[in-house]
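Those letters in the sequence shown? Residues 38 to 1237, per the numbering used here, in order.
Don't read these hints as lab results, they were simulated from the structure. Treat each hint with caution, since some may be false.
[Claimed, not checked] Here are the simulated EDC-like cross-link-like pairs (lysine to aspartate or glutamate), alpha carbons at most 20 Å apart as the crow flies: (1) Lys1183 x Asp1203; (2) Lys624 x Glu634; (3) Lys434 x Asp493; (4) Lys544 x Glu515; (5) Lys396 x Asp435; (6) Lys1064 x Glu1107.
[Unchecked claim] What follows is a set of in silico ranges between Cβ atoms, one per label pair, in the way DEER data are often shown: (7) Gly990 x Glu844: 37 to 45 Å; (8) Met488 x Glu628: 42 to 50 Å; (9) Ala944 x Phe454: 52 to 60 Å; (10) Gly999 x Asp793: 35 to 43 Å; (11) Pro612 x Met561: 18 to 26 Å; (12) Val760 x Glu844: 33 to 41 Å.
In this text, a Cβ means the ideal position worked out from N, Cα and C, and glycines have one as well.
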Amino acid sequence: MAQIRVVPIFEDDSDDYEQLFNADALSPGNDMIVDSEDLLNDAAEAEKDDGDIAIINPEDEPVFRADDFEGMKELVLPLLPEQPPVLEDKVHTWAIENWRDHPRRDHGPTFEAGGHPWRVLFFPNGNNVDYVSLYLEHAYPEGTPPDDFACCVQFGLVVWNPEAPAIYQYHTAHHRFTKEEGDWGFTRFVELRKLYTAPWDDSGRYLLGDNYTANITSYVRICKDETGVLWHNFNNYDSKKETGYVGLKNQGATCYLNSLIQSLYFTNAFRKAIYQIPTQDEETLQNSAYTLQRLFYQLQTSNTAVGTNELTKSFGWETRHIFEQQDVQELSRKLMERMEEKMKGTEAENVLPKLFCGKVRTYISCINVEYESRRVEDFWDIQLNVSGNKNLEESFKDYVQVEVMNGENQYFAGEQFALQDANKGVIFETFPEVLHLQLKRFQYDIDRDAMMKINDRYEFPETFDAAPYLSDDADKSEPWIYQLHGVLVHSGDLNAGHYYAFIKPNKEGWFYKYDDDKVTKATMREVLEDNFGGEFLLPNGPMAMRGKTKPIIRQMSAYMLVYIRQSRLDEVLLPVTKRDTPPHLQKKLDEEAALREMRKKEREEQHLYLGCKVITEDTYRAHGGTDLTSFDRANSEDEPAAPRFYRLLRKSTIGELTAKVGEDTNVDPKRIRLWAMVNRQNKTIRPDAPISEMNTTVEDAYQRLGGSKSAELRLWAEVAEEVNIDGNAIWPATPSQTNGNAPKTDLIVLFLKWFDVESQSLSGAGHIYISREKKVEDLVPVILKKMGWIEKTQLRLFEEIKPNMIEPMKAKQSLKAAELQDGDIVCFQKADVKSSESDRESVTYLTNQLTLADNDDRSVSSKSSSDKTSLSKSNLGLDRIDNAQQFYDFLVHRREVRFHPHPTRNANPELYQPFELILSNKHSYDQIAAKVGEHLKVDPTHLRFWTVNAANGNPKASVKRGQSQSLSTILNPPYSTFANNNQRPDALYFEVLDISLTELDTKKALRVIWLSDGMSKEEPFDILVPKNGTVEDLIAALIKKAQLDDEEKAGPIRVYETHSSKIHKNLIRESQVMGITEYVHVIAERIPEEDLEPGSELIQAFHFQSEPSKSHGIPFRFKIIPGEVFSDTKKRLEKRTGMKGKNFEKIKFAIVKRSSYSKPTYLTDDSILDEMLTAEDDMLGLDHVDRSRVVRNGVDLFLK
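I would like the entire structure built from these sequences, with the hints used as guidance.
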């Protein structure tokens, strides 16, 4: 007899579990085809490798006949994991007389189930495959199902031989039938060859009868959709519409945060208390209370999922923190602490302790005498052991169990009673109104040497009585019965998982599942049974009869429970309405919502509008950089040089735009003429031609005249200097007017710029018309008249061809020969400016137009154009700029740099504040130091600079002083590596040294860690020692720097190197400091008195966690006393390390060999250390948790 192997075709996830019943169920239009035969082939492969697969003899299985409909129903409609209530079962058989006579696509007779019509969709020769294809579909005429039609159906289809009912093929599935998905079934139901060419079994019969007859039986089970989302695909699902609640967006790995926030939000008393925190005077996104208020208000009023970005940024988290799965319990506690601090002095001051804080008593009570020691502490949550406990009751009993202290563990009850037998334990004095229970699902596994998730089954009830865990003298005047309010769930393993929550928002009603941005109703089975963990409960029936398979462990389990005291439900879940929210918060968020709506509308209508940027006389005069303006500037009152921006309908006319410009500039529109600006080949943007037709649309002007790849129309607004008697402008004729309306002339329009040597500024000086036949020298009287200067004033003229090309103009050359044309720029300066010596000492220069970073990638805020910025002459790297060419060169290379005091290396950091300076990319190190030194009023030779890490803003590396170094090479290193790319290009840290950089070059810098209080206190000091110095010099410098008592008075100091938290080398006093590399840590300490005793034998001691290769902390040397029992040795170790109390008690001590991968030999109190040592290089290891690990690997969890 052949044997059958039963292979589960699912893994650990609940979705995979459903595949057991849905192997190849699909809609006929779906190209993704999964066949049970393929799965069986995969199972056969798995069979070779998995020895746990049970081999079952078919004789042990029940025999089913297709004409036994009740028996078959048990086979094809097994119990589902969701266990939905059954509304109706329907069995319908379609008798097929001649299989071959049916068309390619056919339908069976209609039958009714659950109040809906159904039928079989039949492809006798396959739906584009070599298999029979069968589907169940609703039989509503096309397009007539109700819009809200949804029916949850578990069904099985059976094809069988009416002449031999033991020959059959069946498949089973379940599906949510809707108007959009009206059919579901099996594209590969059975191979065509098995119908009538391949015998079905040893009897030689086929699946079809002798005359190609067959029966198709439909088993249809209508299931009740209790939650409205049973087998839902969630396409176009609206949480707010379906449940009245919205979820939270997942911004990275923050679903753990989302579940906690939802739990706190639906603790209504907490939400109301958060609203009572006064934040109207601190409406900033750095205020965590304010951002939490905003988040709660949005959850309360929004129609869509809400983001948590504002909240996490207010915590001070960077992006890397968001993508780390933080400790939820720690986050909860710190959030509570932060909010409690914010509530001090407000009406909500004591709300949080009342809601979440209980009291627990730790006691030691003597059994035979009247003596008890007790300590009462507050608790905000309770951590309960899951491992070894079956349910919540057992965990509480485990928590409060009494430990008997007797024998060697007797308790010292003071001088009066001495050592006594005693009971030690904890008991609760009060529980809070809202009880947060942290289930310890994650624990350290010593065998695997890693944190592991405990997936054991652990049950918790909907209600429980906490009274048995209260002390005898606790107030029990009212019941301590708690009602389940929330279940926070983790699905997955330790390193990769997903968090979601089940919460009951109201006293009565449903639980809801909050899974990030999706909210759905939940059954009590989903809330309780599905989150107990442990094995999946396989359904009874034929599936169970096929023998035992390898247990399937649930990956989802509760890790935090929220219970509310039943007698306080009304107080905790009190209604919170809009009236409870702060008015300023409502106003702010309503304004932001309106602004978002406006911007959304603008985006939707963007194709109808065109942006127009217009240069006016005023903006040009305020512009202090190259070209006519910087089109990247934002239009605002604080940016007088920014072109004016107008957003117009594309069908608006040039005349309408001209009117708007006139209104804004207070100029009669008749005097305004707009010029289209184009991009020249040299990458400048200049006026090209005037737009004379006022009825031209802005869209037309953009397409025909813009000549720009920009997204907006760029224009120059010319204002006529003369008007006729009717007030109409009189325009100088230009070559572009060739339509006969005006005589053709050779006049060109030139723009003027003035370089003021005295104020060291550049500004626009309007425009002029002049004939191209004129000479360059003919420009001088025109400029003098325009500027109002005397006729004898001498000028130097330059043409601004492009920002980095400024050429002197030849006086006798014609403008035509100089190739000047419309829109060109002529820069002029006085040629006879002589600067006095006093002027050179301090020059006020560079108007704020200069500080507007015209060529920078980022905008820099500016003040009114009338402001002056007083800066030192060294800012330019020159005594004084007397030439416009040089000034343009400075404009091209100027750079605004922000300087910050080094956070750890300045002796008096409080004396220095961050500041900005405008420098040149050509500045040398010494020029930068001179400028910074002048600002700080310190000697520039005593300044050292550090680059800034772009990722975290911390100092990165010191800048080497060299002749080839410039500001450009410092901020943008010429060679590209990851290390150099990861630095900010606009900032530096500065360090004020005690000595000059030149002297510093003769010193070796060492960071020495001074152990001032045993091993528990580490103080780092940066020490400078002559490069030819010794360790003796290092010790002398340390004593001076750390202000220590000298060695004669306080005792000798020893210095040693460590590497990988183990002692690398002891440094004798004659050792040269140049031999100390940067890869080791230098440790210094007073030599303990016992180590100074003659003949002292020392052993190296170090810290590690679990295994010696995971060393941490600072190693040290420790004296061995021959014959000393280790219980006494530990007392000396406690004093030597400075570790006390529970921290020291948790340490395990071991002998560790020097060899790699050696296993530690752990010591007991009876061990004798010197007898356990077998080699000179044996070490003493202190095995305990590395509490500095979080600090090394990343900052601790924090909230601002």
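Structure-based check of each hint:
Note on Lys1183 and Asp1203: the hinted pairing holds, with a Cα-Cα distance of about 17 Å set against a maximum of 20 Å. Taking the CA atoms of Lys624 and Glu634, the gap is about 15 Å. The hint holds against a cut of 20 Å. Between Lys434 and Asp493 the CA atoms are separated by roughly 18 Å; this keeps the pair inside 20 Å, and the hint holds. Restraint check: the Cα-Cα separation between Lys544 and Glu515 comes to about 19 Å, which is no more than 20 Å; the hinted pair holds.
Between Lys396 and Asp435, the direct Cα distance comes to roughly 18 Å. Compliance with the 20 Å bound is thereby established for this hinted pair. A threshold of 20 Å between alpha carbons decides the hint, and for Lys1064 with Glu1107 the separation of about 14 Å falls inside it, so the pair holds. For the pair Gly990 and Glu844, the supplied restraint of 37 to 45 Å holds, since their beta-carbon distance comes to about 43 Å. Taking 42 to 50 Å as the suggested C-beta distance range, the pair Met488 and Glu628 conforms, at roughly 47 Å.
Range check, Ala944 to Phe454: Cβ separation about 57 Å, and the 52 to 60 Å hint holds. Between Gly999 and Asp793 the Cβ separation comes to about 36 Å, which falls inside the hinted range of 35 to 43 Å. Between Pro612 and Met561 the Cβ separation comes to about 25 Å, which falls inside the hinted range of 18 to 26 Å. At roughly 37 Å, the beta carbons of Val760 and Glu844 sit within the given window of 33 to 41 Å.
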